[in-house]
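J.: Using the sequences and the accompanying hints, generate a full structural model.
Order-wise, the sequence lines are chains A and B.
The first sequence begins at 1 in my numbering and counts up one residue at a time.
The second sequence begins at 527 in my numbering and counts up one residue at a time.
One thing to keep in mind: the hints can contain errors.
[Stated by the list, open to error] In the DSSO-like style, the derived pairs of lysine-lysine whose C-alpha atoms are separated by at most 30 Å in a straight line are:
#1 Lys687/B <-> Lys521/A
#2 Lys717/B <-> Lys658/B
#3 Lys337/A <-> Lys718/B
#4 Lys697/B <-> Lys44/A
#5 Lys2/A <-> Lys154/A
#6 Lys528/B <-> Lys647/B
#7 Lys2/A <-> Lys529/B
#8 Lys692/B <-> Lys2/A
#9 Lys687/B <-> Lys523/A
#10 Lys521/A <-> Lys495/A
#11 Lys647/B <-> Lys697/B
#12 Lys337/A <-> Lys643/B
#13 Lys335/A <-> Lys529/B
#14 Lys717/B <-> Lys528/B
#15 Lys697/B <-> Lys2/A
#16 Lys2/A <-> Lys528/B
#17 Lys521/A <-> Lys528/B
#18 Lys335/A <-> Lys528/B
#19 Lys523/A <-> Lys692/B
#20 Lys521/A <-> Lys658/B
#21 Lys687/B <-> Lys337/A
#22 Lys126/A <-> Lys154/A
#23 Lys692/B <-> Lys337/A
#24 Lys647/B <-> Lys335/A
#25 Lys528/B <-> Lys523/A
#26 Lys230/A <-> Lys126/A
#27 Lys335/A <-> Lys717/B
#28 Lys718/B <-> Lys44/A
Don't read these hints as lab results, they were simulated from the structure.
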Amino acid sequence: MKQILLGDEAIAQGAIDAGLSGVYAYPGTPSTEITEYIQLRESKAPQGIFCQWATNEKTAMEAALGMTYAGKRALVCMKHVGMNVCADAFVNSAITGVNGGLVVVAADDPSMHSSQNEQDSRFYAKFALIPCFEPSNQQEAYDMTRQAFELSEKLRVPVLMRVTTRMAHSRAMVVTTDEPRPQNAHSLPDNPQHFILLPAFAKRNYADLLAQQPEFIRLSEECGNNTYTKGTDPKRAIVACGIGYNYMQEAGIAQGASVLKITQYPLPVALINRMVEDGAEDILVAEEGQPVVEELLRGMVPSSVRIRGRLTGALPRMGELSPDCFVAADSQQPKAKADFVLPGRPPSMCQGCGHRDMYTALNEVAREYQQARIFGDIGCYTLGALSPFHAIHSCVEMGASITMAKGAADAGQYPAFAVIGDSTFTHSGMTGLLDCANCNADVVVLISDNLTTGMTGGQDSAGTGKLERICMALGVPEEHVRTVVPLAKNMEEMKAVIREEANYHGTSVVIARRECIQTLKRKARK
Amino acid sequence: MKKDIILAGVGGQGILSIATVIGQAALAEGWYLKQAEVHGMSQRGGEVQSHLRISTEPIWSDLIPQGQADIILSLEPLEALRYLPWLAPDGCVVTSSVPFRNIDNYPDIEQVYAAIKACPKHVLIDTDALVKEVNAPVQAANMVLLGAAIPMLGVEPEIVKTGLEKVFARKSEAIVATNIRALEAGYEYAKKSQ
Numbered sequence: 001m002k003q004i005l006l007g008d009e010a011i012a013q014g015a016i017d018a019g020l021s022g023v024y025a026y027p028g029t030p031s032t033e034i035t036e037y038i039q040l041r042e043s044k045a046p047q048g049i050f051c052q053w054a055t056n057e058k059t060a061m062e063a064a065l066g067m068t069y070a071g072k073r074a075l076v077c078m079k080h081v082g083m084n085v086c087a088d089a090f091v092n093s094a095i096t097g098v099n100g101g102l103v104v105v106a107a108d109d110p111s112m113h114s115s116q117n118e119q120d121s122r123f124y125a126k127f128a129l130i131p132c133f134e135p136s137n138q139q140e141a142y143d144m145t146r147q148a149f150e151l152s153e154k155l156r157v158p159v160l161m162r163v164t165t166r167m168a169h170s171r172a173m174v175v176t177t178d179e180p181r182p183q184n185a186h187s188l189p190d191n192p193q194h195f196i197l198l199p200a201f202a203k204r205n206y207a208d209l210l211a212q213q214p215e216f217i218r219l220s221e222e223c224g225n226n227t228y229t230k231g232t233d234p235k236r237a238i239v240a241c242g243i244g245y246n247y248m249q250e251a252g253i254a255q256g257a258s259v260l261k262i263t264q265y266p267l268p269v270a271l272i273n274r275m276v277e278d279g280a281e282d283i284l285v286a287e288e289g290q291p292v293v294e295e296l297l298r299g300m301v302p303s304s305v306r307i308r309g310r311l312t313g314a315l316p317r318m319g320e321l322s323p324d325c326f327v328a329a330d331s332q333q334p335k336a337k338a339d340f341v342l343p344g345r346p347p348s349m350c351q352g353c354g355h356r357d358m359y360t361a362l363n364e365v366a367r368e369y370q371q372a373r374i375f376g377d378i379g380c381y382t383l384g385a386l387s388p389f390h391a392i393h394s395c396v397e398m399g400a401s402i403t404m405a406k407g408a409a410d411a412g413q414y415p416a417f418a419v420i421g422d423s424t425f426t427h428s429g430m431t432g433l434l435d436c437a438n439c440n441a442d443v444v445v446l447i448s449d450n451l452t453t454g455m456t457g458g459q460d461s462a463g464t465g466k467l468e469r470i471c472m473a474l475g476v477p478e479e480h481v482r483t484v485v486p487l488a489k490n491m492e493e494m495k496a497v498i499r500e501e502a503n504y505h506g507t508s509v510v511i512a513r514r515e516c517i518q519t520l521k522r523k524a525r526k
Numbered sequence: 527m528k529k530d531i532i533l534a535g536v537g538g539q540g541i542l543s544i545a546t547v548i549g550q551a552a553l554a555e556g557w558y559l560k561q562a563e564v565h566g567m568s569q570r571g572g573e574v575q576s577h578l579r580i581s582t583e584p585i586w587s588d589l590i591p592q593g594q595a596d597i598i599l600s601l602e603p604l605e606a607l608r609y610l611p612w613l614a615p616d617g618c619v620v621t622s623s624v625p626f627r628n629i630d631n632y633p634d635i636e637q638v639y640a641a642i643k644a645c646p647k648h649v650l651i652d653t654d655a656l657v658k659e660v661n662a663p664v665q666a667a668n669m670v671l672l673g674a675a676i677p678m679l680g681v682e683p684e685i686v687k688t689g690l691e692k693v694f695a696r697k698s699e700a701i702v703a704t705n706i707r708a709l710e711a712g713y714e715y716a717k718k719s720q
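T.: Put into structure tokens, the structure is as follows:
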């Protein structure tokens with residue numbers, strides 16, 4: 001069957017057709033659509049596919065590992081920074097190994113379209129010593145997802161699938177199979193010790209993983225996913241990884257050069273050696289993200305070979321690649337431009353959004369103190385940093401608002417406010433609140449509860465209907481867990497509640513609860 | 527045949543529906559297609575764009591190189607200007623003339639129109655007036671704009687219509703009919719202004 005699919009959807013369809021039994025994920029741009037696609041289609045699978053959102057990437061990764069323990073195929077999806085959250089589980093899943101196939105998708109976001117950094121997830125595959133796929137187009141995304149499950153099950157290790165924003169969020173025709181593979185039956189690992197990482201057992205597993213490395217390299221050389229083509233002028237060579245290959249081809253710089261296309265890691269040593277034996281003197285490395293391959297090549301080819309790429313400045317050090325990066329400025333097409341400076345149009349919180357009313361109240365109360373500080377978090381409400389609110393003083397990673405407010409309060413900062421969304425709170429804020437409650441830190445935590453995971457398009461939020469009970473159970477006194485409805489008409493009441501809790505020298509929580517207007521609109525349309 | 531199209535607008539205006547309809551038309555013609563779009567944070571009332579490429583030959587890049595777009599199709603006049611560096615020397619700007627003012631420093635609209643009219647090929651179209659004329663809601667402005675671009679797309683109007691019907695079919699017959707009227711209004715306007 002031929003259909004137009006997003007890169008994310010191609011991965012999802014590939015996983016379904018590979019006999020997937022469960023997808024475990026926390027929403028995050030640009031990975032969200034993988035899980036959403038499976039959620040829309042799981043009911044059509046004869047045995048169903050588990051596809052409910054996880055509370056965070058770590059719980060997702062661990063649950064997926066449990067599913068593969070029981071012999072079935074599981075998929076874990078996240079944005080690149082989610083890899084940091086699940087890193088402990090991810091890296092150790094390479095040591096336990098898997099029983100059913102396990103594929104982890106990391107969607108990197110170079111240019112930080114919707115992220116706080118540009119980290120390159122290929123480092124994680126190398127770190128964990130497991131194979132990594134990096135498709136260059138949507139068809140490969142589909143095909144490689146199926147391959148990744150086969151490979152994972154055959155090698156008994158998880159496989160990382162690395163994509164970037166343009167791959168995840170670009171559509172193209174994809175030919176899919178009419179004969180999906182059935183799901184695995186329940187089966188337990190042959191070796192009962194393999195999943196017990198006691199040092200004595202873990203040493204054995206780790207030695208096994210190290211012993212597998214030459215096999216991983218051999219597969220990279222022989223699998224067909226990495227292709228080497230000798231050019232007519234083999235002194236010039238291009239190593240092109242993932243979608244870097246497309247941009248390089250679009251720019252038309254490959255004529256005559258030898259080309260090594262990489263879509264599977266670890267690097268295919270034999271193919272690199274052949275490129276050098278064929279006379280490569282100048283190698284341009286076209287890779288999206290950080291200069292991972294460029295650095296590795298330096299240790300693999302003779303020092304007389306010139307290597308150019310993002311590290312040397314031949315390509316931009318930061319931001320995503322485009323075909324224009326490969327064309328010298330003086331040979332580019334003439335470009336039109338408006339004759340005046342265009343103002344930017346930054347994103348903003350929706351008109352009528354409850355976060356706005358929350359910030360209006362919080363800002364007014366904060367101004368009553370000499371030096372109030374508001375520690376922010378990740379979500380739509382991060383836009384409270386911009387005009388007209390200019391409300392927050394920090395935004396680092398999921399959950400940091402609460403713990404940074406605590407640390408600042410420990411250092412004498414007063415008042416210290418934290419602003420966090422409901423989904424971010426359950427993702428990574430709860431443990432920080434427990435830290436606060438255990439020492440009765442002088443912080444006010446505002447949970448701006450819109451009953452959804454808003455920024456990524458309105459997915460279910462893990463704590464809906466439970467937030468007050470969670471806060472109290474973590475040790476915040478009942479009288480200091482307050483709830484308000486963020487509406488203009490309630491402004492005086494909201495301010496009074498926030499002020500009272502700021503004046504209370506201990507840990508308190510104010511939940512500002514009103515449904516996201518986007519999810520509300522969507523329900524009204526149905 | 528190859529067309530490189532930059533779709534532009536403000537988050538929530540519906541540029542992705544334009545891309546979906548053209549995509550269906552390309553699928554029906556058996557052409558290759560690549561379409562890079564923006565999801566996530568930037569959709570919240572910020573500037574959004576999508577690179578849409580259709581071709582009878584395989585396409586390498588998901589992104590259009592600068593100076594190579596055949597059409598800039600924009601639902602907002604200021605946003606049309608943002609992507610001029612992508613426009614080919616003989617490319618055409620097709621844009622709604624209706625400004626979306628959600629920023630304090632929105633420039634003088636006459637200055638914006640002048641910059642659009644300075645492009646050798648352009649179609650400036652009052653999408654608000656046209657949707658009213660055919661008794662369609664303002665949300666159908668995207669289909670007016672798509673209609674206006676049909677003469678430049680190299681796709682028969684009937685194929686675009688079929689694509690539209692397919693895309694909106696899961697909504698309702700009334701919505702399909704409204705959007706077809708909007709599409710036709712845009713098409714007629716572009717034919718007249720050529």
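J.: Between Lys335/A and Lys717/B, is the straight-line Cα distance small enough, at 30 Å or below?
T.: holds (28 Å)
J.: Check the hint pairing Lys528/B with Lys647/B against an upper bound of 30 Å on the C-alpha distance.
T.: holds (18 Å)
J.: Lys718/B and Lys44/A: Cα distance at most 30 Å?
T.: Distance of about 49 Å is beyond 30 Å: violated.
J.: Within a Cα-Cα threshold of 30 Å, do Lys521/A and Lys528/B meet the stated pairing?
T.: violated (39 Å)
J.: Given the proposed pairing of Lys523/A with Lys692/B, does the C-alpha separation stay at or below 30 Å?
T.: It holds: about 23 Å lies between the C-alpha atoms, which stays within 30 Å.
J.: Taking 30 Å as the top limit, are the C-alpha atoms of Lys2/A and Lys154/A close enough?
T.: Between Lys2/A and Lys154/A the Cα gap is close to 29 Å, so the pair holds against 30 Å.
J.: Is Lys692/B within 30 Å of Lys337/A, Cα to Cα?
T.: With a Cα-Cα distance of about 37 Å, the restraint between Lys692/B and Lys337/A is violated, given a limit of 30 Å.
J.: Lys687/B and Lys523/A were given as a pair; does the straight-line alpha-carbon distance stay at or below 30 Å?
T.: holds (29 Å)
J.: What's the verdict on Lys647/B and Lys335/A, does the C-alpha distance respect the 30 Å limit or exceed it?
T.: holds (15 Å)
J.: Taking only the CA atoms, is the gap from Lys335/A to Lys528/B under or equal to 30 Å?
T.: holds (20 Å)
J.: Checking one constraint from the list: CA of Lys697/B to CA of Lys44/A, max 30 Å. Satisfied?
T.: holds (21 Å)
J.: Hint check: Lys337/A vs Lys718/B, CA-CA at most 30 Å. Holds or violated?
T.: OK: Lys337/A and Lys718/B at ~28 Å, within 30 Å.
Violated hints, in rising order: 11, 17, 21, 23, 25, 28; the structure is consistent with all others.
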